[in-house]
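Enquirer: Based on the sequences and whatever the hints tell you, model everything.
These protein sequence lines are chains G and F, in that order. Everything in the first sequence is counted per our numbering, starting at 1 for the first residue and increasing by one. Everything in the second sequence is counted per our numbering, starting at 464 for the first residue and increasing by one.
Honestly, the hints are just simulated from the structure, not real lab data. One thing to keep in mind: the hints can contain errors.
Said to hold, decoys possible - Derived lysine-lysine pairs resembling DSS-like cross-links, with alpha carbons at most 25 angstroms apart: (1) G:K334 with F:K849; (2) G:K334 with F:K538; (3) G:K278 with F:K849.
Claimed, not checked - Label pairs and their in silico Cβ distance ranges: (4) G:G372 with F:K774: 44 to 50 angstroms; (5) F:S930 with G:K171: 47 to 53 angstroms; (6) G:S290 with F:D1008: 38 to 44 angstroms; (7) G:L256 with F:S860: 18 to 24 angstroms; (8) F:K774 with G:I371: 39 to 45 angstroms.
Values in this document were obtained by computation on a predicted structure and should not be read as measured data. The C-beta atom is built at its ideal place from N, Cα and C for all residues, glycine as well.
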Amino acid sequence: MSQVFHEIEKKIITALKNNPQQTPEKLEKSTNLSPDQIRRGIEWLKLKELAIVIESQSITISLGKNGLDSFYNGLPERRLLNLLKNESKKFKVLQNELGSIFGPAMGIARKNNWIDTSEDEIFLKNYPSEIPGEKTLKQIGENKILKNIIDKNDLSAIFKRPDFILENIIKNKEISLTEIAKSIEITTEPTNAINVESKVPDVFVARTHPLKDTIDEIREIFVTLGFTEIIGSMTQPSFWNFDALFTPQDHPARELQDTFYLDGFSTKKIGTLDQIKKISESHKKNWRYSWNIDEARKTVLRTHTTCVTIKHLAENKLDEARVFSLGRVFRNEKVSYKHLVEFNQIEGIVVGKNANLRNLMGIQREFYKRIGITKIKFWPTFFPYTEPSLQTMVYNDKLGKWIELFGMGVFRQEVTKPLGITKPVLAWGGGIERIAMLKYGLDDVREFYNNNLNWLRNTTKCQ
Amino acid sequence: MPVVELSYSRLQKLIGKVSKKQITESLPFLGLDIESDNEDLVRVEYSPNRPDYCTDFGIALGLQGLFGIKTGAIKLNIKKTNDYIIRVDPSVTKIRPFVTGIIAKNGRIDDDIIKQLMALQEDLHLGIGRKRKKSSIGIHDLDKMSFPLTYTTTKRTHKFTPLNLEKELTISEILENTDVGRNYGKILGNSDIVPLILDSKKQTISFPPIINSAITTVTTNTRNLFVEVTGINKDDAENMLSVVATILQTAGFVLVSAKILGVKNTSPKFELKKISINSNLINEILGSNLSNSQIILSLKKSRLDAVLKGKNIICSIPSYRFDIFGLMDLVEEVALGYGIQNFEPILSPSQTLGQSNTTSIKIKSLSLIMIGLGYTEALNSSLTSKRVLYDMTNRQSTDMISVLDSKSQEHTILRDSILPELLENLSRNIHASYPQKLFETGIVFSKGNPINEITNFAGISSHQDASFTEIKSILQSTLKIGFNLEIETKTSSHPTFEEGRTASILHHGKIIGIIGEINTKTIENYKIRVPVVGFEIYLSDLIID
Chain G
1 MSQVFHEIEK KIITALKNNP QQTPEKLEKS TNLSPDQIRR GIEWLKLKEL
51 AIVIESQSIT ISLGKNGLDS FYNGLPERRL LNLLKNESKK FKVLQNELGS
101 IFGPAMGIAR KNNWIDTSED EIFLKNYPSE IPGEKTLKQI GENKILKNII
151 DKNDLSAIFK RPDFILENII KNKEISLTEI AKSIEITTEP TNAINVESKV
201 PDVFVARTHP LKDTIDEIRE IFVTLGFTEI IGSMTQPSFW NFDALFTPQD
251 HPARELQDTF YLDGFSTKKI GTLDQIKKIS ESHKKNWRYS WNIDEARKTV
301 LRTHTTCVTI KHLAENKLDE ARVFSLGRVF RNEKVSYKHL VEFNQIEGIV
351 VGKNANLRNL MGIQREFYKR IGITKIKFWP TFFPYTEPSL QTMVYNDKLG
401 KWIELFGMGV FRQEVTKPLG ITKPVLAWGG GIERIAMLKY GLDDVREFYN
451 NNLNWLRNTT KCQ
Chain F
464 MPVVELSYSR LQKLIGKVSK KQITESLPFL GLDIESDNED LVRVEYSPNR
514 PDYCTDFGIA LGLQGLFGIK TGAIKLNIKK TNDYIIRVDP SVTKIRPFVT
564 GIIAKNGRID DDIIKQLMAL QEDLHLGIGR KRKKSSIGIH DLDKMSFPLT
614 YTTTKRTHKF TPLNLEKELT ISEILENTDV GRNYGKILGN SDIVPLILDS
664 KKQTISFPPI INSAITTVTT NTRNLFVEVT GINKDDAENM LSVVATILQT
714 AGFVLVSAKI LGVKNTSPKF ELKKISINSN LINEILGSNL SNSQIILSLK
764 KSRLDAVLKG KNIICSIPSY RFDIFGLMDL VEEVALGYGI QNFEPILSPS
814 QTLGQSNTTS IKIKSLSLIM IGLGYTEALN SSLTSKRVLY DMTNRQSTDM
864 ISVLDSKSQE HTILRDSILP ELLENLSRNI HASYPQKLFE TGIVFSKGNP
914 INEITNFAGI SSHQDASFTE IKSILQSTLK IGFNLEIETK TSSHPTFEEG
964 RTASILHHGK IIGIIGEINT KTIENYKIRV PVVGFEIYLS DLIID
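Expert: Now the structure itself:
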């Protein structure tokens, strides 16, 4: 596989093949590229492990203002000694002659025992042939030279004197090719190929909501299993949410603390006269209390979608049907990582031939198989409106335990008879968030409704 | 669902020869969900329709059946005497007309049994007793009272020492100053007189349905018990009593009858209820092919009695099983006795063809178009708050639909618009990279009878260059390509939108929504730092029927 190179990379490789070790500055000349192009090209080649960059640093020194002055006119102490070479002189005379360098010159000369002083005169004691620092001054002169070629001892004599020595740190880069790069054949023919192997930025993908995806997936499974979708109201008179489902009016589930009642809403038309009469009679007979129509009129946010399917059955008296309803249901609960006040539920019913418990279990097993859950079992449970009642337990490998999912059963005759439904009706249903949590590996159900863009933008769609 | 804690070793003593593992594996098949299982203790959730399962005695009876150790209905052996008479005074008729009771002798009472009896009592009060309103129960030390008793009424000035207290209180004081009095006093209404049980020495035994007297407190020294149930319905009172009688007999007590004399009241008979069922119905519902003898055996394992009579099976149900109303309950008892695990699921070909609802299909299409335009789908609650719906968006809150007694302040009002929640979503994402574009379709609510529920569609775009033109283009093209709908915009105003950059959306001259740039006030309320544009339209009557 031949690699695609940028024109810059090609020129650098070619130049380095001719002259194997070059600084960026040299490369600029040998390739005719700009410093910035060279910098980028070297960076690319380095990432591809085609170029080796050896970095080093060196220090040059040159003379500052006072250094140069001393180079031309002699060090201050040399100039002092020269003035004293022939005769001793008075302080004042020397001060006038030397100006600002008089002080430093005196200090050094005295320290080295080259002079002696009386009350107002200065005498020469010794005249040194070479003063420390003079060799260095000569060596540097007007040039820049590498620090490491200078005698360190001699340099130190003047290194710290103000404005004598200027230091300059230079970073050097030497670029060479790796063994692989050396064998690369550069075609000089121009090509429009680009580097298809380089990294590119992410873009945020607009998407349907993950929970909606799960809902759609479940909808499609039941449609292919022969079920037709129906839609019903989220606000319901208690009549359809409770009374029609054999939940007595004094049952704890109907209390404010579990169910959302709408403030001041009493539904005028709750059902046909016949439905109301027969349901109230069934309640009186079986639960032994005085049934109150006002209680049945109270409007609630549906606590399950069963009210939608049972109403559909009562209105259509179907002999052969597979129907389901999918939508929001409500419970007056404290919101927590495992409870929402509003969540989605699916509820399905089967009427007709083969409407029996084993088929109900079979439909469940098929559903779970299609969402990828194969380890399931059925346990008995209790619902007020179905008998027998079962729940599906599914095994979750991640959690290492059995989890309760959909509930199911056969509608009680106390539910179906007053509504004029004569055939057995299978019913099943449950929360969708629970399945979606397993699917997306969430342990906080609230995440579905946070609309956190970081989560929405980064959650894998097909899981 | 209520929970009961069981001890494996106690259960093993009660059931007979079974292993701990057998018990663990069988509990779910009685309908008991194991909540936690820790060495000797196992906590299980039971259904509120089976109060007998709130004691280990009741669960042991059920497991004996499943294991086949003892099957068939539990028969109450009640010794008939005339020693324990309860006379009913006619004054109770209008208040709490019925009383019933039973004597349980020679039992051993330890702390464990006291604990279980109290739990059972609470459970019965809550369930069948409907928080003591329908019926309530009192358990007393038989040896601290003298028969005959009288079930009568008294004035609110009547005094006695109630259970767990050391001094006498009047009825009024009990109702005002004790927890039980305050919780259940309203059952008695404003009546001048209240129910009372007195013994032959005029000692107060009980003040139903509120509290027992301190005299008859049951302790670990108690050997003989008197159980009374009062209520507004005779059948419920007797059903309640039968659960306690069954549990006490199982716990080793000898039952002795109490005789009830007085208006409408009679002594409890604990009669078996008989229901006739045909095997065809059972097999039709279960999808099984069980023979009559298999069915009878299964019913017996569920601790019911059953005999074949002609083509039908006559099933006898003890009175404590008042959860059994009719035929379908018996079908379930057969399924449980046979074992749910023994029914193999089958998948028969569907006789019907399935179909998605057209609303779902259209909403799905709309979503796909929005995705194509770079909008991400949001999902918000229908039940939200006044803060989000009105305060933050400066909208009028005159026609709010609120729910009663919500446990969550963020969920009190049904939404009449989706846009406020989308703005709330943006405010919670100000640290995520822009542009941010969201849409949502969902139900919104408005007053009516019944409540109007219509489907709305809202979209929102937020970035440095967001403009009216951008959002109008989005909506216009979406409706055009999705449903071949043409829209127009007419200058308008709205408290959430910027004056001069707001328009009503019209289709064939009818207003279907609002579009524009969100005003500075709203954006500042939400602490959003970039411009926002958005729209919301009704889909109902536009693309949805």
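Enquirer: All hints are to be evaluated individually against the structure, with a verdict given for each.
Expert: Hints, verified against the model:
no., hint, in the structure
1, G:K334 with F:K849, "holds, 18 angstroms"
2, G:K334 with F:K538, "violated, 45 angstroms"
3, G:K278 with F:K849, "violated, 41 angstroms"
4, G:G372 with F:K774: 44 to 50 angstroms, "holds, 46 angstroms"
5, F:S930 with G:K171: 47 to 53 angstroms, "holds, 50 angstroms"
6, G:S290 with F:D1008: 38 to 44 angstroms, "holds, 41 angstroms"
7, G:L256 with F:S860: 18 to 24 angstroms, "holds, 23 angstroms"
8, F:K774 with G:I371: 39 to 45 angstroms, "holds, 44 angstroms"
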